[in-house]
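First to last, the protein sequences are chains P and B.
Per the numbering used here, the very first residue in the first sequence carries number -6; after that it's consecutive.
Per the numbering used here, the very first residue in the second sequence carries number 390; after that it's consecutive.
Be aware that a few hints might be false.
Claimed, not checked - Chain P regions said to be covered by chain B (calculated; three or more residues, Cβ under 8 Å):
{"id": "1", "segment": "41 to 53"}
{"id": "2", "segment": "91 to 98"}
As the list claims (entries may be wrong) - Here are the simulated lysine to aspartate or glutamate pairs, EDC-like style, with alpha carbons at most 16 Å apart:
{"id": "3", "chain 1": "P", "residue 1": "35", "chain 2": "B", "residue 2": "399"}
{"id": "4", "chain 1": "P", "residue 1": "95", "chain 2": "B", "residue 2": "486"}
{"id": "5", "chain 1": "B", "residue 1": "502", "chain 2": "B", "residue 2": "399"}
{"id": "6", "chain 1": "B", "residue 1": "392", "chain 2": "B", "residue 2": "418"}
{"id": "7", "chain 1": "P", "residue 1": "95", "chain 2": "B", "residue 2": "406"}
{"id": "8", "chain 1": "P", "residue 1": "92", "chain 2": "B", "residue 2": "418"}
{"id": "9", "chain 1": "B", "residue 1": "459", "chain 2": "B", "residue 2": "411"}
{"id": "10", "chain 1": "P", "residue 1": "35", "chain 2": "B", "residue 2": "433"}
{"id": "11", "chain 1": "B", "residue 1": "427", "chain 2": "B", "residue 2": "411"}
{"id": "12", "chain 1": "P", "residue 1": "71", "chain 2": "P", "residue 2": "55"}
{"id": "13", "chain 1": "P", "residue 1": "50", "chain 2": "P", "residue 2": "64"}
{"id": "14", "chain 1": "P", "residue 1": "71", "chain 2": "P", "residue 2": "61"}
{"id": "15", "chain 1": "B", "residue 1": "392", "chain 2": "B", "residue 2": "475"}
{"id": "16", "chain 1": "B", "residue 1": "459", "chain 2": "B", "residue 2": "448"}
{"id": "17", "chain 1": "B", "residue 1": "427", "chain 2": "B", "residue 2": "475"}
{"id": "18", "chain 1": "B", "residue 1": "392", "chain 2": "P", "residue 2": "37"}
{"id": "19", "chain 1": "P", "residue 1": "92", "chain 2": "B", "residue 2": "486"}
{"id": "20", "chain 1": "P", "residue 1": "76", "chain 2": "P", "residue 2": "11"}
{"id": "21", "chain 1": "B", "residue 1": "392", "chain 2": "B", "residue 2": "415"}
{"id": "22", "chain 1": "B", "residue 1": "392", "chain 2": "B", "residue 2": "411"}
{"id": "23", "chain 1": "P", "residue 1": "35", "chain 2": "P", "residue 2": "78"}
Since the hints were derived computationally from the structure, they do not count as laboratory data.
Keep in mind the model is a prediction, meaning the values are calculated, not measured.
Here a beta-carbon is modelled for each residue, glycine too, at the ideal position from N, C-alpha and C.
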Amino acid sequence: EPEVTQTPSHQVTQMGQEVILRCVPISNHLYFYWYRQILGQKVEFLVSFYNNEISEKSEIFDDQFSVERPDGSNFTLKIRSTKLEDSAMYFCASSDRAKGEKLFFGSGTQLSVL
Amino acid sequence: AQKVTQAQTEISVVEKEDVTLDCVYETRDTTYYLFWYKQPPSGELVFLIRRNSFDEQNEISGRYSWNFQKSTSSFNFTITASQVVDSAVYFCALSMEYGNKLVFGAGTILRVKS
């Protein structure tokens, strides 16, 4: 089965540093998402992206966050100035239809902000 | 507002026992979609099932079965003859008529002991 690939699997950074989390969605998918899961808590929606634009974003997704599809295969999440509370597992997901469709999730990037 | 409640934080069973994971949802939409995802210890999110709001048929897939009841806003998941490999966190999730944004429940930790 096709997979969503995320790199790196683990990222450690100092508070205030910028990080970029990378994802390669499934090749024929058009809808892309980022979710995060703080340790022991529920999975939370951050942002959805379609046609090179943000479709929807949550309150968590403030000005410190940005997403980009720099080429035909990658989808990135940038955190400009990391905070301790950004420590979480970040999941990328993709789907091939706009609504009611299952999301294919990557294995996640565990971000630790020290 | 949409909400998913998984009241069972953690369940422990002995192998071969049947176990039911509860999920109750809230939404004002008439069209919506319900999902179950599994998160094994390795951390990835694995899709198990999707149901739309107009399809109340129960579904069985091997040892897994799902009971969707609109009258009680519930979408419960039963594992028959549980196995150690079923040990994981199970998330119920809801998406609305438009878009694929998933609202997750808090998850239920299932521990199956041999």
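Now the hints, each set against the structure:
For a cut-off of 8 Å, the count of residues in the segment 41 to 53 of chain P with a CB near a CB of chain B stands at 3, and the three-residue condition holds. Coverage of the segment 91 to 98 of chain P by chain B holds. Counting CB-CB distances below 8 Å, 8 residues qualify, and the rule asks for three or more. Of the pairs offered as hints, the one joining residue 35 of chain P and residue 399 of chain B holds, with about 14 Å between alpha carbons and a cut-off of 16 Å not exceeded. As the CA atoms of residue 95 of chain P and residue 486 of chain B are separated by approximately 13 Å, the hinted pair is consistent with the 16 Å bound.
For the proposed pair residue 502 of chain B and residue 399 of chain B, the alpha carbon gap of about 13 Å is at most 16 Å, so the pair holds. A hinted pair counts as satisfied when its Cα atoms are at most 16 Å apart, and residue 392 of chain B with residue 418 of chain B qualifies at roughly 12 Å. Pair hint residue 95 of chain P plus residue 406 of chain B does not hold up; C-alpha atoms about 29 Å apart against a cutoff of 16 Å. Of the supplied pair hints, the one linking residue 92 of chain P and residue 418 of chain B holds, its CA atoms being roughly 13 Å apart against a limit of 16 Å.
At most 16 Å may separate the alpha-carbon atoms for a hinted pair to count; residue 459 of chain B and residue 411 of chain B meet this at roughly 14 Å. Annotation: proposed proximity of residue 35 of chain P to residue 433 of chain B holds, straight-line Cα distance about 14 Å (limit 16 Å). Between residue 427 of chain B and residue 411 of chain B the alpha-carbon distance is near 14 Å, which keeps this suggested pair within the 16 Å criterion. Under the criterion of a C-alpha separation no larger than 16 Å, the hint pairing residue 71 of chain P with residue 55 of chain P is consistent with the structure, at around 11 Å.
With a C-alpha separation of about 22 Å, the suggested pairing of residue 50 of chain P with residue 64 of chain P is violated against the 16 Å cut-off. Proximity of residue 71 of chain P to residue 61 of chain P is assessed by CA-CA distance (about 8 Å); at most 16 Å being required, the pair is judged to hold. Distance restraint check for residue 392 of chain B and residue 475 of chain B: the Cα-Cα separation of roughly 26 Å exceeds the 16 Å cut-off, and the hinted pair is therefore not satisfied. Between residue 459 of chain B and residue 448 of chain B the CA atoms are separated by roughly 15 Å; this keeps the pair inside 16 Å, and the hint holds.
Of the supplied pair hints, the one linking residue 427 of chain B and residue 475 of chain B holds, its CA atoms being roughly 9 Å apart against a limit of 16 Å. Restraint check for residue 392 of chain B and residue 37 of chain P: the C-alpha separation of about 12 Å stays at or below 16 Å, so the hint holds. As the CA atoms of residue 92 of chain P and residue 486 of chain B are separated by approximately 7 Å, the hinted pair is consistent with the 16 Å bound. Between residue 76 of chain P and residue 11 of chain P the alpha-carbon distance is near 10 Å, which keeps this suggested pair within the 16 Å criterion.
Taking the CA atoms of residue 392 of chain B and residue 415 of chain B, the gap is about 5 Å. The hint holds against a cut of 16 Å. This hinted pair checks out: residue 392 of chain B and residue 411 of chain B have alpha carbons roughly 14 Å apart, not beyond 16 Å. With a C-alpha separation of about 15 Å, the suggested pair residue 35 of chain P and residue 78 of chain P falls inside the 16 Å cut-off, and the hint holds.
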